[in-house]
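Trainee: Sequence:
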Amino acid sequence: MRFPARRDILLGLGAGGALTLAGCGGKDAAGGTSGAARVEATKTLRIGLEGTYPPFNFQGADGQLTGFDVDFAKALAEQMKVKPEFVAAPFAGLLGALESGRTDVVINQITITPERAAKYDFSKPYTVSGILIIVPKGKTGVAGPVDLAGKKVGVGLGTHYEQWLRQNQPKAEVRTYDDDPTKYQDLRAGRIDAVLNDRLVAADFLKTAPDLVAAGPPFAPQSQGVVMKRDPALKVLVDGAIDALRADGRLAAISQKWFGLDVTV
1 MRFPARRDIL LGLGAGGALT LAGCGGKDAA GGTSGAARVE ATKTLRIGLE GTYPPFNFQG
61 ADGQLTGFDV DFAKALAEQM KVKPEFVAAP FAGLLGALES GRTDVVINQI TITPERAAKY
121 DFSKPYTVSG ILIIVPKGKT GVAGPVDLAG KKVGVGLGTH YEQWLRQNQP KAEVRTYDDD
181 PTKYQDLRAG RIDAVLNDRL VAADFLKTAP DLVAAGPPFA PQSQGVVMKR DPALKVLVDG
241 AIDALRADGR LAAISQKWFG LDVTV
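Quick note: the sequence shown uses my numbering, first residue 1, plus one each step.
Derived from the structure by calculation, the hints contain no laboratory data.
Be aware that one or more of the hints could be misleading.
Said to hold, decoys possible - Here are the in silico distance ranges between beta carbons for each label pair:
| no. | residue 1 | residue 2 | range |
| --- | --- | --- | --- |
| 1 | Gly260 | Gly63 | 40 to 46 Å |
| 2 | Gly60 | Val213 | 34 to 40 Å |
| 3 | Thr113 | Thr42 | 18 to 24 Å |
| 4 | Ala149 | Ala214 | 18 to 24 Å |
| 5 | Thr208 | Lys83 | 18 to 24 Å |
| 6 | Phe219 | Leu157 | 33 to 39 Å |
| 7 | Ala143 | Pro232 | 43 to 49 Å |
| 8 | Ala149 | Ala244 | 29 to 35 Å |
| 9 | Lys83 | Gly141 | 48 to 54 Å |
The C-beta atom is built at its ideal place from N, Cα and C for all residues, glycine as well.
Turn these sequences into a full structure, and let the hints guide you.
Mentor: Structure follows, in structure tokens:
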């Protein structure tokens with residue numbers, strides 16, 4: 001499965017939220033002006049995401065940014081009474097863009113881990129998932145995490161999956177990638193033996209990839225949240241908006257649209 005080049009994604013995404021690469025806003029907490037103050041003053045919420053991560057965020061057939069995370073981000077911004085402004089970057093650069101002040105939040109299925117939570121503020125979880133192993137159909141020898149020892153395993157650079165693999169299966173040969181399409185190309189070509197990815201992403205992807213299958217059930221349950229720099233005021237605003245989306249059913253409705261079930265609890 002091929003996806004458009006980054007340049008194509010960065011052009012012409014208008015309706016439902018502008019996509020940009022720019023915009024340093026207010027100072028961070030250390031500089032005095034909070035992200036919450038900047039968001040409320042400008043009435044915009046700058047949202048970092050990949051733009052190439054279906055079904056969460058990707059360019060649709062109409063050339064517009066779409067996906068579960070995009071719908072969630074738009075609903076979140078609407079609840080906060082601000083305009084969403086999407087800022088695209090490779091996964092490995094998303095948190096750097098946040099730290100540099102180019103974005104206010106990251107909404108890209110970022111797993112809440114102790115290491116990240118020690119450095120950033122996270123919202124309340126808005127999805128719950130797990131890790132799935134993907135292999136070529138008919139491949140034997142990989143049925144669960146223990147079987148990854150000695151195998152070449154593809155993971156997204158800087159992702160929770162890379163971290164999990166290095167910590168829990170040190171005998172695996174880790175191969176890192178900046179995007180999903182490239183690692184699946186390598187999997188099909190036999191350059192790697194397996195791929196680790198989010199179970200929700202994998203479930204959607206495997207619908208259109210009959211040559212690839214899940215090897216065993218999901219494992220290592222995980223929750224995902226909106227990421228911010230240390231900013232208690234902004235966290236209160238985001239958490240309050242998530243509570244409202246959950247209470248009135250909008251969050252569950254977005255989940256049903258994309259997955260046919262509620263993945264938010």
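Trainee: Against each hint, give a clear statement of whether it holds in the structure.
Mentor: Verification of the supplied hints:
no., hint, result
1, Gly260 - Gly63: 40 to 46 Å, "26 Å, violated"
2, Gly60 - Val213: 34 to 40 Å, "26 Å, violated"
3, Thr113 - Thr42: 18 to 24 Å, "31 Å, violated"
4, Ala149 - Ala214: 18 to 24 Å, "19 Å, holds"
5, Thr208 - Lys83: 18 to 24 Å, "33 Å, violated"
6, Phe219 - Leu157: 33 to 39 Å, "21 Å, violated"
7, Ala143 - Pro232: 43 to 49 Å, "45 Å, holds"
8, Ala149 - Ala244: 29 to 35 Å, "46 Å, violated"
9, Lys83 - Gly141: 48 to 54 Å, "51 Å, holds"
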